[in-house]
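Those sequence lines, one after another, are chains F and C. Each residue of the first sequence is one higher than the one before, starting from 1 at the first, in this note's numbering. Each residue of the second sequence is one higher than the one before, starting from 1001 at the first, in this note's numbering.
Mixed in with the good hints, there may be bad ones.
With a cut-off of at most 27 angstroms between alpha-carbon atoms, the simulated DSSO-like pairs for lysine-lysine come out as follows [said to hold, decoys possible]: (1) C:K1120 <-> F:K2; (2) F:K2 <-> F:K374; (3) C:K1226 <-> F:K2; (4) F:K343 <-> F:K374; (5) F:K375 <-> F:K250; (6) F:K250 <-> F:K2.
Keep in mind that the hints were calculated from the coordinates and are not lab data. Only a predicted model underlies this, so the values are computations on that prediction, with no experimental measurement involved.
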Amino acid sequence: MKARRLLAVSGKEFLHVRRDPRSLVLAIAIPVVLLLLFGYVLTLDVDRVPMAVWDRSRTPESRELVSRFEGSRYFQVAQRAEGYPEVEEALDRGQVLAALVIPEDFAGKVRSDRSSVVQLLLDAAEANTATIALGYAEAVVSGYSSDLEVRWAHAKGLQGIRPPIDVRSRVWFNTDLESRNFIIPGLISVIMMIIAALLTSLTVAREWEQGTMEQLIATPVTAPELILGKLLPYFVIGMMDLVVAVAMGKYLFHVPMRGSLPLLFGIAAVFLVGALSLGMLFSVSTRSQFPASQMAMAFTFLPSYLLSGFVFSIDSMPPVVRAITHLVPSRYFVKVIKGIYLKGVGLGTLAVDTAPLLVFGAGLLLAATRMFRKKLG
Amino acid sequence: MTAPGGISVSARDLTRRFGDFVAVNRVTFDVRRGEVFGFLGPNGAGKSTTIRMLCGLLAPTAGEATVAGFDLRTQAESVKTRIGYMSQRFSLYEDLTVEENIDFFGGIYRIPSGRKRERKEWAIRMAGLSDHVRTRVAHLSGGWKQRLALGCAILHEPPILFLDEPTSGTDPISRRSFWDLIYSLSGGGTTVFLTTHHMDEAEYCDRLGLVYRGELVAMGSPRELKDGFPVERAEGIAPTLEDVFVSLVEGMDRAAGPVAEVRG
Ligand SMILES: Nc1ncnc2c1ncn2[C@@H]1O[C@H](COP(=O)(O)OP(=O)(O)O)[C@@H](O)[C@H]1O
Ligand SMILES: [Mg+2]
């Protein structure tokens, strides 16, 4: 492989992009628009979820729990119910999205230092809202629960406090409960995947369609020189998209970044090579722009949107689907990018998810290079 | 680098089929170093298919060939370092300028940096493109595009040049300067293999192969071909290459019968 040839291919490819308004739009405008659109419209923040309360306990303890829901900006107690038929009707009619049922023995158990259970009913027709409302409800309940423990400990004159009960990781890592904070990082990975694969899916196919490939394959250029040379400008574009996306996340959506930025860019580079190589593989194997771009779209958009854990939690998927997600590179990158953004974890923790990205990147790049034939027909 | 005996290109029973259809049928010939060798035949005769096989772009179905001493079946990539190719269909980058196209191929052929400038200026001058260096190729006329394609094909001074219908669609003046260039390259030792379907142009070649329906029906210098095939003509008028070609082809068609006629 000769650097001179590789750079000649890259330089030429860069000129194509610069002169083709279509690819400029695809490379720069679409990522920004997608981020704005999803960032503002699809953020999953739920506000003032209407809820019904059936307080069967009617004690100071139960009233305090209800008042905490009333005090939360995420809930609004819209209805007091007496009995399940009433609760069900309110949910069925859509008057409320959630219902809290406090059992009769609630106060007794709390006072006697035994754990108590409250029931939360959710209208899961809107799964996202329900999931998030559940997270908020858990936060409210566990907040109350740990306050009770502190009080209990003081009453007993104890210094130590028992570990809080029922604190879920979702709430833990996204303490201000801003769904934007986990939507934006996931969104960045989805956009990178789609744009990268789409851009490269056109490049080799265009040369076959326009006939310029016939001239090119009559030269001593080798498959690695051609494929890597063509990837390079799109790699630079993909990284620029990432810079823009990270900057928008910080300055527009105020998503806190807890981890290392160089680490994020390093692992993103690996992910990007995989995404670019996937588009290249379609371009090389179909030799035709339309099917190649269709395949790039089909193999990136839905999988990276639905199966990456970006919006839908992988843990709550059926086992078969969960198994399939292991074949979706975005799955690993979403985990990496959320880990860096929200938890600030380092490479040690991320290695498990970086390794599959390396395998995908190297495998797809090798496949695209091997698939390229310097022959007509 | 040339094979012993000064043979640049050598084909033996070279054959290419597309499915059942035989596009090139057991073609055998040699091209000597520095020779201008022409493949003359009508559209669909198999000229482009032959040239593509010799450039290593298309795998032969059967037979063998050596180009610049390299075996086409096993060393096609080595062949590509020794040849310049100009395809029948214009295949440079329309969205790039003349200069950018030349620079690109200069990089691909790794022209030494010391010679880069000189080769580039030579190619631009030779193609008569000095006034259009920064013009996008899409805005050039057909004749100029062809000159640029030729310039890019000879940029790296290949010992063997394959030109597929290099003058089709160009004006007589371009054609004339093209032939001046071909002769000067050939005088410098470059082997030129070209295809054409213009009978008059074929006269300029040192040697010719007449191809029809995938077969090489006659071979020799224009003089030999005209002398060797007696054609009925009015007394005192010398037969042209066209007369030779037509009489050969008519003989073939008669022998092949009406089925083959439909095929053509
Ligand atoms: N890739 C291909 N697939 C099928 N048939 C082909 C292909 N390339 C050429 N042919 C056929 O082979 C014959 C010879 O074509 P070609 O070599 O292009 O002829 P020429 O260059 O002499 O006009 C034609 O009938 C053409 O249709
Ligand atoms: Mg042809």
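Evaluation of the provided hints:
1. Straight-line distance between C-alpha atoms of K1120 (chain C) and K2 (chain F) comes to about 21 angstroms, which keeps the hinted pair within the 27 angstroms bound.
2. With a CA separation close to 17 angstroms, the supplied pair K2 (chain F) and K374 (chain F) stays within the 27 angstroms bound.
3. Under the criterion of a C-alpha separation no larger than 27 angstroms, the hint pairing K1226 (chain C) with K2 (chain F) is inconsistent with the structure, at around 50 angstroms.
4. Between K343 (chain F) and K374 (chain F) the alpha-carbon distance is near 48 angstroms, which puts this suggested pair outside the 27 angstroms criterion.
5. Between K375 (chain F) and K250 (chain F) the CA atoms are separated by roughly 48 angstroms; this puts the pair beyond 27 angstroms, and the hint is violated.
6. Distance restraint check for K250 (chain F) and K2 (chain F): the Cα-Cα separation of roughly 40 angstroms exceeds the 27 angstroms cut-off, and the hinted pair is therefore not satisfied.
The earlier numbered hints that this structure contradicts are 3, 4, 5 and 6.
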